[in-house]
Amino acid sequence: MLPTVLTLPFLAAGLVALTGRRAGSRITSFVPVVPLAIFVWLASKAGSLPSSGLAWTSRWGMAQAGLELSLRLDGWSLLFALLISGIGTLVLLYSRFYLGPEEDHPKFVLYLLLFMGSMLGVVLSDNLLVLYMFWELTSVSSFLLIGFWHHREASREGALKALVITVIGGFAMLLGLVLLFLAGGTLSVRELATMAPAIRTHPFYPWIVALILAGAFTKSAQVPFHIWLPSAMEAPTPVSAYLHSATMVKAGLYLVGRLALVLGGTTLWSALVVTVGMLTMLVGSYTAIAQRDLKALLAYSTVSQLGFIMAALGLGTPGALGAAVFHLFNHATFKGALFLVVGIVDHETGTRDRAKLGGLRRAMPWSAAFMTLSALSLAGVPLLSGFISKEMIFSSLVEAGSVWGGVASLLPWVATVASLFTALYSFVLFHEVFFGPAQGTTPKQAHEAPPGFLFSPGVLTAVALVVGLAPNLITGWLIDPAASALAGEPVHIHAALWHGVNTPLLMSGAALAGALVLYPARRRLGAILGQLTLPVSAEKGYQAFLNGIMSLAHAVTDRHMTGRLADYVTYILTGFVVLVGGAALGAGALSLPPLDLAPPTVVEVVLLAAIAAGTLYVVRAREGLPAILVLGVIGYAVVLLWVLWQAPDLALTQLVVESVSVIVLLLAFTKFPPLRRRAVSAGRRVGSLAVAVLTGVTVAWLSVRANGTRLFEPISDYFVENSLSLGGGRNIVNVILVDFRGLDTMGEITVLSLAALGVFMLIGSRIRRSKPAAGGEKGERL
Amino acid sequence: MDSLIPRLVARLATPLILALALYLFLRGHHNPGGGFIAGLIAASGLVLQAVVGGRQAGIRYFPVPGWVLIGLGLACAAGTGIASMALGRPFLTHFFGPVHLGGLEVELATAQLFDLGVFLVVVGTTQSVILNIAGDRGEAETDAGEAQGRAASRETGAVTAVVAGADEREGGEGPWNS
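Residue numbers (this note's numbering), protein chains in the order written: chain A, 1 to 782; chain B, 1001 to 1178.
For reference, chain B alone in the conformation it holds in the complex:
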């Protein structure tokens, strides 16, 4: 899929998608949005790069591996919880209130830090799952597989169940009983 138009679109769209994610994340506490949605959207922006330019392009665009994001996210979420324990409150007690920064008054909540953890975990998970599944397989191989499948389905035309054929190898050697 290495053609000009998708690449151009992806190059323009990804920053917009990431900005949208940031926007949704920041407004989440008061309006529709939040860490989960924002994380998924940010991840889909990164995935767009991988879909258009291949796995390597996706990794080049955002070279932080998924497990780093997952680890940071879990640490962030658990950290806010443990921080409240350190202050003598039950695990995951949140605090909020206005914060004065110079002349500005901003409403902040520790829940947003927790939400940041959710955001990071979701981005990391989605990114690492998709990049893992995307792999580095050539397109040709895929096409061949599909053609084969079509031929096979024409041969056995009888009414039947649809099966993802991984289990169809001789001796029923599925991934679970090896």
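Excised from the complex, chain A in its bound form:
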């Protein structure tokens, strides 16, 4: 069943691709059935999942290279898979209302399904290389979705930024995975966990941690890689809710959690993950306050919350892991709801600008209710889900602070300050938009969205509310198994509304009180904090990096891509002489082996002389046409040589190839501008001559050496003996081609097909395009 779950979204995507044009915007109403079915199946498995999870391994794969298509559904995967399919269903339902009838629904749904399948692949793969493959696929589908409105420049830039940063991180992660394979001998997470002690003491360990975390941090938008997430807000809002808050950006958290049993538990791991996480939480929270665009505010809020969860995962104690898992679930629900409500506000008023919105509660009461409850959950107000899980992480931070001491004792303070900012922008979200005074007129007359539009944020808000009131409804079957999978031992979290007056409660109280006190001064605060972000601009670094790459590529290309055929031939031949000739010299191949050659016959000498004379003529030729014809003559002379040496298949093939290539050359010749002679410097001529002579000498020398060297029995005898008995044919050449060396031939005809495709693209499209614009075929880009 697991492979079905994984392939279902891809199959649905294929179906959408085939039928989309006819179905049009109606398709969005049907497609939610797919994630819903996955969700229902997963939910039915939830209670009865064995502690080692459900496993499935395919027969396909390359076990010796560590690549095996094996899937596993344990508690941690299940939590993610439920979020992916559940929120996926809601987001698809919501998109039906969000996207206007004029939008390209099939394309949108197709990309979303591709993402869904890839993300399920990430969380279901047991093999890390397979996980990596799906990981990069999520980056690609995220790229497509951010750039969905590709006519906007900001969308294209945001899509590119997200892709560049996450793919560079992904590549670092791939290197880390290779090192992990070298250290552990396998890429199965389950098997790796059993040799965790050996891996943690392996000399590669620091590199493995740094490289894999680079992948996780870029994906989960941790400082300083967080800058792609705000730019990704150019995507349609359902995408922001789904990929860039609820699921994909949590892939980094997933990986850190997944590998905690393999790589975690060391000072390096904890210090790195906790430091980066807390820093991200702080930077994200204060940057959010300065944002005017509600989606940008939510993006920084997501960055901040991801950092918070990351830090909790880094602490590594069973309690902290349980808290992290719980907060991850809560964040996915309430942040998803917030994004969806902001999307509704944007849709119904035409703006997401804080300065233009206000007092909408009368026009949009349901949206106001959903936004208020979800934002209060984010702020960590009691009776809502965010409060409980935040308290739990706080208590783990306090514990870590007292156990580790030193700088770590600052952790609760940082968390409190960041929570203060979090509460502050949470208040902004609902108070400014729905309660404050109306700010003049919005681009559209505000009115409440239809019930279907409100359904999805409503469901997510309801989850946040219910979980806040009765956390035990989900902890037993969802949160505990996930935390147990991370900790490698049974974990039972104690989620309760009231733990008595303790340090975490005081921290929450201080944060909420501070936020209330500072709320009236939020604009001044935002202005000050907005300036604070400027000197630490990761954005500038990214731009400099991008420009650097481009100018480097230009410099390198301009230097060696001269556009002159002669130069390219020189490069190739020089490479040949240096590599092959150099290797031959290095191997001491200068001595002449004893030669056992037949004396040349008169016919052979005549033919060779003809070939040499023809070659000389072609080189000296002043016109192309005769040169091509003489080239053909040379070819036929070679054919005669094959005939003399009794190789009928070779002769026949060469004969036909020569004929056809003369025709091709003649046809192509009419396309070329005329041959021209061009003055070249003496130095260049000497250089070309040297390369030519050296190439000739190398080839001649190699032929002689190869003839006089027998390292082992040639395989041709085997072919001669077995052609009829094993291949059923008397023509050895043909049996070799189609049977003994069939795979080679398969590769060759594939290359041949690609060559035909290349010619079609280069010339065929050129002809078709230049037809309407007469003679305008210069400098076309491909």
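No lab work stands behind these hints, which were simulated from the structure alone.
Incorrect hints may appear among the rest.
Unchecked claim - If you anchor each label on the Cβ, the simulated ranges turn out as follows:
1. B:N1031 / A:A679: 39 to 45 Å
2. B:G1079 / A:P443: 58 to 64 Å
3. A:V40 / B:A1086: 30 to 36 Å
Unchecked claim - Simulated coverage check for chain A against chain B, where a stretch passes if three residues somewhere in it have a Cβ under 8 Å from a Cβ of chain B:
4. 649–655
5. 747–760
Said to hold, decoys possible - A few chain B residues that face chain A, going by a derived Cβ cut-off under 8 Å, partial list only:
6. S1003
7. T1014
8. L1022
9. L1026
10. G1034
11. I1041
12. V1047
13. Q1056
14. L1074
15. F1114
16. D1115
17. V1118
18. V1122
We put the beta carbon where it would ideally sit given N, CA and C, even for glycine.
Starting from the structure of chain A, add chain B where the hints point.
Okay, now just chain B, sitting in the frame of chain A:
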């Protein structure tokens, strides 16, 4: 080149060329021949039509586009390989043996199916490459180009390298650095 004699020759020769290709293909397993050679010969027969009557005539003579042949060929070659996998043997394992058709006994091999794939790919590739290159340019344009070239080569008589002039446009704007 729209004159009677070449057209007549082409009309007579092409069927013969195609028959030769078929012959070479069928005998390939035991005697010189095979899919590659047969494919090239068949393609040259089709190309003959294009050379004599122009690109459109070539397409009219054999209206199946090259990419269809290439696709069929690749499917055929890969298909024989996958078929042996389905039978539990390694990819591209071939089978052969006598087949009884009524009173006749014919020696057949799955390798010939693979060879058919090679044949189709070669025909398709050659046909599509040549027809693409042949294009639909008028003869006049070509002649003008050649005359120009001759003039140009007379002007700069100095000893030099031969260059296909596409790269000679101002600013070295070749096809590769655009």
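For the restraint on V1122 (chain B), tell me whether the closest CB of chain A is nearer than 8 Å. Nearest chain A Cβ about 7 Å off; hint holds.
Should the interface hint for S1003 (chain B) be scored as holding, given a Cβ-Cβ cut-off of 8 Å against chain A? 18 Å, violated
Using the nearest Cβ pair, does L1022 (chain B) come within less than 8 Å of chain A? 15 Å, violated
Cut-off 8 Å, C-beta pairs, minimum 3 residues; does the coverage of the segment 649–655 of chain A by chain B stand? holds (count 3)
Against chain A, is V1047 (chain B) within 8 Å by beta-carbon distance? 6 Å, holds
For V40 (chain A) and A1086 (chain B), compare the CB-CB distance with the range 30 to 36 Å and indicate the outcome. 35 Å, holds
The segment 747–760 of chain A covered by chain B? Criterion: 3 or more residues, Cβ-Cβ distance below 8 Å. holds (count 9)
Could one say that the CB atoms of G1079 (chain B) and P443 (chain A) fall in the range 58 to 64 Å? 59 Å, holds
Quick check on F1114 (chain B) please, does its C-beta sit within 8 Å of some C-beta on chain A? 5 Å, holds
Would the hint on I1041 (chain B) stand, with a C-beta cut-off of 8 Å toward chain A? 6 Å, holds
Could you check if L1026 (chain B) really has its C-beta closer than 8 Å to a C-beta on chain A? For L1026 (chain B), the interface hint is violated, since the closest Cβ of chain A sits about 12 Å away, which is over 8 Å.
Would you check whether T1014 (chain B) satisfies its interface hint, that is, whether its CB is within less than 8 Å of any CB in chain A? The hint is violated - T1014 (chain B) has no Cβ within 8 Å of chain A, the shortest such distance being about 14 Å.
Checked against the numbered hints given earlier, the structure breaks hints 1, 6, 7, 8, 9, 13 and satisfies all the rest.
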